[in-house]
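S.K.: Letter by letter, the chains look like this.
There are 8 protein chains.
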Amino acid sequence: MSVADEFTLDFARPERIGLEEAIFCAGKSPDQIDAILVAAGDRGASLLLTRLDPEKCSRLGHAARLDYCPVSRTAVFGQPPAVAGPARVAVVAAGTSDVPVAREALRTLGYAGRAATLFADVGVAGLWRLTTRLEEIRTHPVVIVAAGMDAALPSVVGGLVAGAVIAVPTSVGYGVAAGGRAALDAVLASCAPGITVVNIDNGYGAACAALRLLNAASRLAQEAER
Amino acid sequence: MSVADEFTLDFARPERIGLEEAIFCAGKSPDQIDAILVAAGDRGASLLLTRLDPEKCSRLGHAARLDYCPVSRTAVFGQPPAVAGPARVAVVAAGTSDVPVAREALRTLGYAGRAATLFADVGVAGLWRLTTRLEEIRTHPVVIVAAGMDAALPSVVGGLVAGAVIAVPTSVGYGVAAGGRAALDAVLASCAPGITVVNIDNGYGAACAALRLLNAASRLAQEAER
Amino acid sequence: MSVADEFTLDFARPERIGLEEAIFCAGKSPDQIDAILVAAGDRGASLLLTRLDPEKCSRLGHAARLDYCPVSRTAVFGQPPAVAGPARVAVVAAGTSDVPVAREALRTLGYAGRAATLFADVGVAGLWRLTTRLEEIRTHPVVIVAAGMDAALPSVVGGLVAGAVIAVPTSVGYGVAAGGRAALDAVLASCAPGITVVNIDNGYGAACAALRLLNAASRLAQEAER
Amino acid sequence: MSVADEFTLDFARPERIGLEEAIFCAGKSPDQIDAILVAAGDRGASLLLTRLDPEKCSRLGHAARLDYCPVSRTAVFGQPPAVAGPARVAVVAAGTSDVPVAREALRTLGYAGRAATLFADVGVAGLWRLTTRLEEIRTHPVVIVAAGMDAALPSVVGGLVAGAVIAVPTSVGYGVAAGGRAALDAVLASCAPGITVVNIDNGYGAACAALRLLNAASRLAQEAER
Amino acid sequence: MSVADEFTLDFARPERIGLEEAIFCAGKSPDQIDAILVAAGDRGASLLLTRLDPEKCSRLGHAARLDYCPVSRTAVFGQPPAVAGPARVAVVAAGTSDVPVAREALRTLGYAGRAATLFADVGVAGLWRLTTRLEEIRTHPVVIVAAGMDAALPSVVGGLVAGAVIAVPTSVGYGVAAGGRAALDAVLASCAPGITVVNIDNGYGAACAALRLLNAASRLAQEAER
Amino acid sequence: MSVADEFTLDFARPERIGLEEAIFCAGKSPDQIDAILVAAGDRGASLLLTRLDPEKCSRLGHAARLDYCPVSRTAVFGQPPAVAGPARVAVVAAGTSDVPVAREALRTLGYAGRAATLFADVGVAGLWRLTTRLEEIRTHPVVIVAAGMDAALPSVVGGLVAGAVIAVPTSVGYGVAAGGRAALDAVLASCAPGITVVNIDNGYGAACAALRLLNAASRLAQEAER
Amino acid sequence: MSVADEFTLDFARPERIGLEEAIFCAGKSPDQIDAILVAAGDRGASLLLTRLDPEKCSRLGHAARLDYCPVSRTAVFGQPPAVAGPARVAVVAAGTSDVPVAREALRTLGYAGRAATLFADVGVAGLWRLTTRLEEIRTHPVVIVAAGMDAALPSVVGGLVAGAVIAVPTSVGYGVAAGGRAALDAVLASCAPGITVVNIDNGYGAACAALRLLNAASRLAQEAER
Amino acid sequence: MSVADEFTLDFARPERIGLEEAIFCAGKSPDQIDAILVAAGDRGASLLLTRLDPEKCSRLGHAARLDYCPVSRTAVFGQPPAVAGPARVAVVAAGTSDVPVAREALRTLGYAGRAATLFADVGVAGLWRLTTRLEEIRTHPVVIVAAGMDAALPSVVGGLVAGAVIAVPTSVGYGVAAGGRAALDAVLASCAPGITVVNIDNGYGAACAALRLLNAASRLAQEAER
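Chains as they are written, first to last, in my numbering: chain H, 1 to 226; chain B, 1001 to 1226; chain L, 2001 to 2226; chain Y, 3001 to 3226; chain F, 4001 to 4226; chain X, 5001 to 5226; chain V, 6001 to 6226; chain D, 7001 to 7226.
Be careful, since some hints might not be right.
In silico lysine-lysine, DSSO-like type, Cα no more than 30 Å apart, as pairs [claimed, not checked]:
id, chain 1, residue 1, chain 2, residue 2
1, D, K7056, Y, K3056
2, B, K1056, F, K4056
3, F, K4056, X, K5056
4, V, K6056, D, K7056
5, L, K2056, B, K1056
6, H, K56, Y, K3056
7, L, K2056, X, K5056
8, H, K56, V, K6056
Just so you know, these hints were derived from the structure itself, not from any lab.
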């Protein structure tokens, strides 16, 4: 059996669901990832790679062809579309330690050609840090909020902004917060209505949810025009 | 201390976040709920009541003024706006036992004047039940999927439709599925990108998330027009 | 063996730790509770009873001698000291459903002769409900905050007030919030520094912690005077 | 006490239950494993070694006598029977990251002389990847499905094929999926009837279950002939 | 919306996967179940109903047309095939309290026309109870073992019989055993190779797994004949 | 199939392990229990019944022949040996609410003819309650300690007495203590060396462990004599 | 985006809540920490750094300007106030392994200018170690108790001293105690009234809670004076 | 503060509870351990050290004075009593991977001067391995059983031997067995009566429990003589 039998790229995905194929690199060997890059290159396709840690990246034969970001552990292969248009998505990080997850979301949005704005370290322990930036956040119809520990920020944001709110619990914290289950449960149990949630540390998924939402909005706008 | 000191209605909510005040009735006494209804009535406001079980409803002094649905355990007080426009939200229930949660979502959308369509018992154990209705589901830009047990349906739907997908895990099931944590974890860990999640059995929250999304789409459409 | 062999009242407790003996009634039979009341009565002692549900209370032989509150499920036996002095403790309830726990704290403080103020339904989903009452809360050097679901309120309060903050997670909520573990973990993981926590629904314990603190403050004040 | 007192090989196992003795190497020291190999060699027996990581393998005195596969962390000692007959078992891996577990199953089947076919990266996020290979999978009366994350694939396969389905949840994933409990619970709670499950990452156990099943089928066929 | 929109019967199931449609009654209302029975009756189909508790059964309009077993909480509607042939499946119950789960398996097998034998109260606390019946158990190529508490029996049986072993952990027990998670984990972690597992208390699923296996064996026998 | 096929009494148990057969009644139907009593009566055997709640006891046909204790939910059938000799076992209950579990242990010891002493409500919140009775407790070579909530008492006792200490965590408590897992983990993690533990609320098992120990001591004494 | 956008220091904190800004270093990169130190230095502010492990500390550009303690993994930057006044806080460590957590509390108190006393290895397995130091502990109005494993010490202390008791469960232990959840649940479920709790290993938080309390006491003393 | 303030040796322990002081080395620094050894040496006392991993042992200043066993990670300091008398304790290890835990128990018993016998790799997957050694095991009045994974062995042993049975669940295994919670719950839920349990991997604690039991037996024998 060869490595080529071990993957099946889904190039039909954009047409079907409006999102590009992406490669989750955790659990994949460098050989497998290299083979995937070759297959995509042969087709002239670009790819987003997630959860690619620096050590594994350095062991790839095709590392030189990647645009790699060690903070978010993401890499871009090939030439995705250029970022264009106004920022429709605010990416809010409760603390400085939540920035890597926020950057994964930003990189995913950028790979899809969407502009976004980062708001970092605006957690509720010092509420003024949020309120001074609230008006600016409100200009974005979609708000992604990454927060660990008690994850109180998404609830507070959800009570203050009218846009769609996507919470990303992070694994930042220790003791009961370690691993992110406390943050996850807090955002799922949020007292602010209509907050949605993705898996712990899943900045990629939050960005994809934002893209689905923006795509749906575009479609609704087109239907309204007719 | 009187019961009137025990609640503070948030009538400013629609203006702030685009969603109406709603009353979560679990843990509230009939006295408290009656007092809340009086306060809303005095103001000429309507209210949505959730998690109101039949026994407690029957003990309310103002029960006769409610439009009550025992399946979804929701009640409407006052005169909300009439439902208008095409159905923008598909509410998909994996099994017949998931219907009460689906109906909570439908009632919440209806209370906000939004049309929606129910698709029931289309779980993956018999995949043809889904595929025969897929085109119809795809006509809705927002898809809420309620599923218990293994909650495989949201992943399959998420891989087939381009719209926004909001998964509601339900507590349907027994053994490891009892309580809904297995379903919740499955949808959070979905292999289909961009699925968002709300709390177990939270049909109300899924509908609110859909409303936030539709509101954001309206705003984007207005900005595009200008 | 007789029921009298099954309990040992700790009348030395006030002298030792500054708190009165109290009777946790869950898991005790009416016979046991009646025997305890007789023993206390024989000594001329007063008692606070907690977790006494209405059905069990009605089965007590000495129910008529109790000052019973069904909301907090507490009862007072005998003549505790009268409440005196300014309110040093604010008891804040995030939602209306958290009021029973808040009242257990208020009753315990009252039993010890301490005044306290209730602030109800000021959760973060509508932040204005908190901010409009913030100055009044700040006049109390000790703040007890009872909150269920995501329990975001204690973190927000902890970032805004200088006093001692004691969080009581409550079991209010469903899905991941059911039972109160999500609320508990959120407050333990709070990003606001110096918040302390007691067991889920433990209004009694929060009040005892406040009493220990007020006793310690009195002692410090006396030492400062010397 | 010597190392020889620390193990008791079960050479009577094939006769008793139709499965060969195998050595679970996690938690065993290189000294213990070497002594086991000597004991098997003295008897002219072959052995399958599982969970033998590369570092420990390199520290074995008898490493040179092993046929070692680092992907599946399995080793074969001695001369097992040659693989013969048509492939009766399909080993389906939901994603590329599930391949190591799938290979452990394939190696175990091969050690027992049974042919099997690998189907990799056919997860439900792109359902066409499964449906295009479905007819080929259906030619195998036994289907092992290895899947991590939400483990939706076994449910979908179970609703589409008539053969015996053995699900192996894997530890692939992060956040709520880390460790494989989410995948395990999903397959146990499957809405497709008659799916059986083995421990997380237990490719070896799934293969043994397939062998038990094929042995039972042989026995039934022999009885039918008579 | 009517009740008829809330279910979609899967009459194509036997052809597709060799198992009859069955109705999981927990979470379904009497109205829903009655409507399902009517739909099946209209088609001349028979149905197996599971998890139908006595109180709900008594509230069905069509209760009189059911063959109901309160111990296993199963009901048969219509005329399934008669039971025929030798018993191929042994259903072993570790304790007397595990009998209801064992009977659910027996009823499901009987509904499919398959004979089976019950072996009850043969748990390992008195090993002679198992060993005296071991030869008889061994005559069955498929062995279902229902066990709660520590669920040690499936491991012991798995080490003694060559047939396929399907373990059903039960919720029998208290303390750490309550709910069946301890039993489930024990059988998943079994030291005996090749044991498969179904959800807690899932006698129905164990029987379906046995049916899949017997169907696969029949198919293999037919292929061997050719 | 008849009820008689559903149990297999283990009358060989005393000879084999020195403990009498006992019947765990949870999960057994009144019909099953009655049939077991008849079978024991036919043999002239006595039986201990545990976890027999009052409602089920009242539905037994043979209830009148039982010596029933509703506090411990135990019943004795037939004529066990008379209690004789000095009390070798101290049964210590941390709180009054732990008495039912303590009584289950006392009843089990009494059924085996062993004397024991109850020490109730001596928990560590008022340490003097323990220290005033410590010398008396020390006269017993075996000490069973039943404790719920934080279960600190077994650790304190284990640091003060030289005898064998068997801890029984109880389900007494609420919040994190509900169900007894907190108490169980505390006693398993005890900082006092050599404490052993049984399942939550398992007074019966603690008594059986004490009996095994006293039997072992008798055997050692006999060997020493020779 | 630059690192400077990734943090927002809260220099208004002391005025607002009486506690200095502190930097939680886990999850922050050396670049981020260095930038924070520069920002504080520019302002002439001092900072407390927590959870700064030795390896990361050595990678800081500004390590030489820190007063670093590897046992507690804390560092002080700048010139905090000198420690003054009598020790008001006792920091009690149940075992020697709990000392690092105790030292984090001591360092935090010292950073705020508060004196405190350490009492180490006084756990309940040898109760005399506590009782011989009890009078000295009682001279402190606030008692922090750090304990892992079964965490029985806070309950015993809480029953013996009248001051405020803040329990810090630690992650010391193995098996059920690993990670500290057993210790946490034990202190939350304490049978001694009025004990408060902070997150596992959170010596910093316990000290902050003590500071809030001492601040509240000062305020009360000032009010009493007027 | 010096290291000497960080420990308090409990040399009064043997007199009080019949067990020697022992040092749990996990979480202690080499400096702390060295200081403890000096303090013991100054007193002429011997010490048992547990959980001392090889790397930390090599960093001790006094390593040369220790009798160190890397398999069990125990060390003996000084001159404990010589082992004497017949083996009263059987230490049974279910698998070869459980031997380290079994050896910790053996070393602890040997340190106390007690003889014991090891029975290794006699798990229930091959029951003959147990039954062939059963008579020899039965000659020991106390039986310690170390078992991981499903931990079925203690239940089987408990049903076959009359002596005291102390189960030590081990962390051997993967998936649901990882960490040992599955094994722990299985032995706590054992269907064999009177089995006692200690913490996961706690060979030391099991040996201490055996010593308490042997001490109690000696005392009973002495009382019987009088």
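S.K.: Looking at the structure, which of the earlier hints fail to hold?
M.R.: Violated hints: none; all satisfied.
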